[in-house]
Structures are given as C-alpha cells and as structure tokens.
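So you can see what is in the structure, the chains are spelled out below.
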Amino acid sequence: MAAPAKAPGFAYAALRVFDISIGEMLWSRRTIFMLLVVGLPVFGALCFRAVLAIGGPTMVERMHVTGPAIFGLMIWAAFVRFSVPVLGVFYGTALIADEVEDKTITYLFTRPIPRGAVLVGKYLAYLACTLCVVLPSIVLVWLLVVPVGGSLGANFPDLVTDLALIAVGLAVYGAVFALIGCTLKRPLLFGLVFIFGWETIVLAIPGYLKRFSVAYYVQGLVPHAMPSDSAVSLLQGVMREIPSLPECFFWMTVIEVACLWLAVRAVSRKEYVLEQ
Amino acid sequence: MTKGTRFVLIGAVVVVMGALATGLVAFYNGSLVLGSSSQPGEFSYLPSTSTAVAYADVRAIMSSEFRKKLRQVLPTGTEQEKLKAEIGVDIEKDIDSVVAAMSGSDPEQGGVVLIRGRFNDQTIESAAVRHGAKAESYKGKKLLLMAEHHGEMGAIRDGGKPATPCLAFLERGLIALGDSASVKRAIDTGAGGESITKNADLMKLVNEIRGTGNAWAVGRMDSFTNHPLPGAVKDQLSAVQFMAASVKINGGVSGLVRAETRDDQSAEQLRDIVRGALAAGKLMSGKDARVDAMLNSFQLAGSGKTVSIAFTVPPEVFDILNGVAAFRGLK
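Same order as they appear, the protein sequences are chains Z and P.
For our numbering, count along the first sequence from 1 and bump the result up by 337.
For our numbering, count along the second sequence from 1 and bump the result up by 123.
A hint or two may mislead.
Said to hold, decoys possible - If you anchor each label on the Cβ, the simulated ranges turn out as follows:
{"hint": "1", "chain 1": "P", "residue 1": "K321", "chain 2": "Z", "residue 2": "D356", "range": "51 to 61 Å"}
{"hint": "2", "chain 1": "Z", "residue 1": "P494", "chain 2": "P", "residue 2": "T125", "range": "35 to 45 Å"}
{"hint": "3", "chain 1": "Z", "residue 1": "L352", "chain 2": "P", "residue 2": "L406", "range": "55 to 65 Å"}
{"hint": "4", "chain 1": "P", "residue 1": "G315", "chain 2": "Z", "residue 2": "S581", "range": "41 to 51 Å"}
{"hint": "5", "chain 1": "Z", "residue 1": "L546", "chain 2": "P", "residue 2": "G164", "range": "56 to 66 Å"}
{"hint": "6", "chain 1": "P", "residue 1": "L206", "chain 2": "Z", "residue 2": "L377", "range": "54 to 64 Å"}
{"hint": "7", "chain 1": "Z", "residue 1": "L377", "chain 2": "P", "residue 2": "K207", "range": "27 to 37 Å"}
{"hint": "8", "chain 1": "Z", "residue 1": "L546", "chain 2": "P", "residue 2": "F130", "range": "43 to 53 Å"}
{"hint": "9", "chain 1": "Z", "residue 1": "P494", "chain 2": "P", "residue 2": "E317", "range": "26 to 36 Å"}
I should point out that these hints are in silico values taken from the structure, not numbers from a laboratory.
Quick caveat, the model's predicted, so the values are computed rather than measured.
From the three backbone atoms N, C-alpha and C, an ideal C-beta is built for every residue, glycine too.
Chain Z with its partners taken away, still in its complex shape (with noise of 0.2 Å):
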C-alpha cells in the first residue's frame, strides 16, 4: 500500500490559492467596480489634455494651474481619499466573507491545506489584483498631466513615492478589512463606516486618537501638500500632524502583520456556520 501523500506547506499552498484566485478576482463584475473608479482620474486627465489640445483654457476657477500641481490634486482626491480605502474595504472583505456567502468555503477548507494559507493565498490575490490596475492607472495620470507647466524628470522622485505609497496603503487597508471579513458579520458595512467615519473624524479633530487610523500614516506620506477642498479637508488640514517617515513605516508594518496574524488565526479556528 502507497504511504499517504504529503499534504502541502503553508507557502506551497499560499501560492496555489493565489494562483485560483487571481483569475478569479481578475475578471469578476468587481474588478469593472475598480476600473470605473481608477478609470476616472485617467478619463479626466485625458480630458484635460484633450482641452488643452484644441486651446482650451489652463485656468481652474480662473486660477492658473500647473500639471504637477494637479496631479498632487489627483493623488490626493482620487487615490489616498477614495480608491485606495475604498478598493481594500471591497476586495479585503470579500476574501473570506465571499466564500462563506456562496456557501463554497467547505470546498476550501476540506482541502489538505492550512486553512490560514486560504486567506493568505487570496490576500497576496487581492494585493496583486488591485495594484496592476491601479499602478498603471497612477503612471497614466502621470504622463498625462505632469508635463503641462512641469517636467517629468523634476516630479519623478514624486511618481515613486506615489507608487509606493499607494502600493503600502493597499497592503495594510487589505489587512485591515481581511480581518475585518473574517471576524465580523456585515464586514462591509464595518469597513465603510471605517473608512467614511471613523478615519474621516479622528484626522479632524486634535488628539491622539488619529493614531488609531491606517490614513493618519498613509496620509504621512504623501509628498503633495494636502489640498483644502472642503471644509472637513480644511479641518484636516489645520489639525494634521505629519508623522515620520520611519514611524509611518513601522507602525503600518505592525498593523499589516498584525491584522493579518489575527486574520489568519481567526480563519483557523473560527466555524463558519452556512446559512441554509
């Protein structure tokens, strides 16, 4: 009698989890979600090429803007604001939580596999999934935009700082919201209330509680000046406190570890009852 086939190690099954996954993730109606909101910074800044291609106007609200300016604006608005918590809120949920929903997840976690490699295999997925559309997005806007009264070459050290930024803030929310989709019940509902409420409040208003965000670090590395577009920004903006590059580093380190060690050990040990 053949001895029993060794069951696969965690990495080993990370890795085939990513592999699924991926394709899975790729061309899901969520991923056409995602396009739409990195579409649109590309689409306006087309737009604003397109302008100022037929002679159009270079005044905003009769104000004259330069290109890198703008994209400060962008990144800013349509990025660290929005696609970036947004993107993680949608996708880090739904790692777990969309399993358990389609009643699929016995088909996982019957399988010879650590079931922390599951959630680790569709983290790396996600990760992998959001930043080749929202990376090239980002260097689209780039081209597009920053050559209008700017240089490439003057606001490159900015595009890599931008990238990375964006690549950490989609790490750490999507640790983030992993756990929150393993541990709560609505886990979207708990990450938009996260993302809209509790993170937009606590950079408004002075104390340490700020601390208890993943924007507050995000946000701190930012190398544009943080636009004042509304009065909550304004508020913002007064009450921001800019934390060191190493703190911001170490502290978005901890909470991606963290949270995704607890995602993890959650996923292990948790018994997902399916709804009949």
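Guided by the hints, dock chain P onto chain Z, whose structure is given.
Chain P only, in chain Z's frame:
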C-alpha cells in the same frame, strides 16, 4: 493562471515599468519636456553664472484687458511721450519682450536687461551721444557707454570703480542694457561662452515656470541672504533655495509663486506659514465677498521640497480700484 490573466498582469507591469523608465531617463537627463521646448533666443546671451532671470512678454501684457483697466486707473505719464520723441520707441507698441538676468545679489552689480522689439538704432545712438555717451565697438557689437556715474544707490564695483551704464546693439531688434562689464559678458556669452542653458538647477525651474504665465522670474535665494535683512525674513529665506514666480495677465491677474526649499521639513514649515497667513487673511477680510473670493483663489500646493501658491486677482478688483481712483480725483 489563464492566458488572459497572465496577459493583464504582464501588461500592467509593462505600463508601470515603461513610465518608470521614462521618468528615470527624464530625471537623469535634467528634464524631458513633452511640449513646447523652444527657449527665448536671449538666453544665449545670459551667462551660466546668472543667479536670477526674469522674462516679460511685454506685447501680450500691453494688449491685455488688464492693461486697459490699469490705464483707466493710473494717470497718463508724459515720460512715455518724451521717450517716444527722444528715441522713437513707443513702449506700448515697439517692445515685444524683456529678459533680465543678474549674476550677483545686487542687480546694479552684474545685471543685464535684454529688450527685443523694433528700434531705430540710429535715432537711439544719436540721442545717447547727445547725452554724452561714447560709442565703442566690442567683438563686432556697438556699445554706447554713458558717462560714469555712481548711480542712485551709489553702485560702485568691488574694486571701487564706479559702474558704467551701457547700451549695446546685440542683433537687429535686440538691445542690451546694464553696466559695461555685464553687457560685455553677455556679448562674450553670445559669442560662444557658456550660457544660462547650461545652468541645470536654474533651467529646471525656468522650464517649469515659463509656460505658466506671460511674465515670470526665477532666482537663487541664497545669494540674497548676504543682504542686511530682518532676522525673521533671513531665517525663512535661508531655508529657501530657489524662488520662482509667474503671472498671467489678461482680464485679471493670475499667478503662481513657487519656492524650492533645502529639505522637506522646511517646505512643510513654509506651507504651514502660508496656511496660517491665509487663515488670518480670511478672518480679517470681514464679509467682503470680493476680498473673500480673492483669498479663496489662493491655492496652496507643492510636494516634497516644493511649495507653490496659485492666486487670482479677478477683474472686479480693478473695477474697485478704478472707483477708488475716481473718488480720489486721480483720474
């Protein structure tokens, strides 16, 4: 992983890597300008040692709505008429552009102004000679050296020798004004010397700012810190490495002031100061909607070591000034 998924992933990586490679090449090349890159011909006369350079598209400014409004406010000067009668130059119609550059911290010690337009060289020369100028030739260019003077501010060169004001005809339709040494240096530069276009630090800012308005100025600020300035101003200036400003004059005036600081922290401090000043301005503006609109037009931007403020002075503000001028009987 399916073929389609692999295709999307590779495509995304190629797009990002392509943009990064473009940016990297541009970064090490100084500047990869996608768009108009033509520089004013006058740049070939400005030495690479220039610490500040300014440009004004006089023709565009003179024909702007702003100029018309300003003319309603300001009393008409007779100096302009006198100048036209004396040298045959109508400032409003005959001058196209002005470029100025200085090499030190004092414009009277190493400054040159290049004026492009339509001039009658003979009329200018005879008028200058009538006022005691001496004609001289330097590397094939005609110089008109004025009588030596100490200038209004007592401009005396380091060696104790007073500066000699000079006018030179560099090429048809281009004259240079400045002290004789600076004008000769401009001629040397035009004859093959190292021009300002080789000054990478300054040109980087010039290329970024010159497309944003019809008048602009860029300068190194550290050359100004030797001046006797108030301590607080000196402290702030010491953090600023380069300063650039541009204005677009049309119906109203919109502008952009940009500072490059020594480090990110100084830039953030400067942004905080500007934010504070804007907030104080808004508090003190009362309920005047027009002043409020003007203050709201101030937009702080910038990244890293860059701090920039864009602003707009709407045409209505000039209507207010016009009303004030009429009230005071200035018109």
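Each hint, compared with the structure:
no.	hint	verdict
1	P:K321 - Z:D356: 51 to 61 Å	holds (54 Å)
2	Z:P494 - P:T125: 35 to 45 Å	holds (37 Å)
3	Z:L352 - P:L406: 55 to 65 Å	holds (59 Å)
4	P:G315 - Z:S581: 41 to 51 Å	holds (50 Å)
5	Z:L546 - P:G164: 56 to 66 Å	holds (59 Å)
6	P:L206 - Z:L377: 54 to 64 Å	holds (56 Å)
7	Z:L377 - P:K207: 27 to 37 Å	violated (56 Å)
8	Z:L546 - P:F130: 43 to 53 Å	holds (45 Å)
9	Z:P494 - P:E317: 26 to 36 Å	holds (28 Å)
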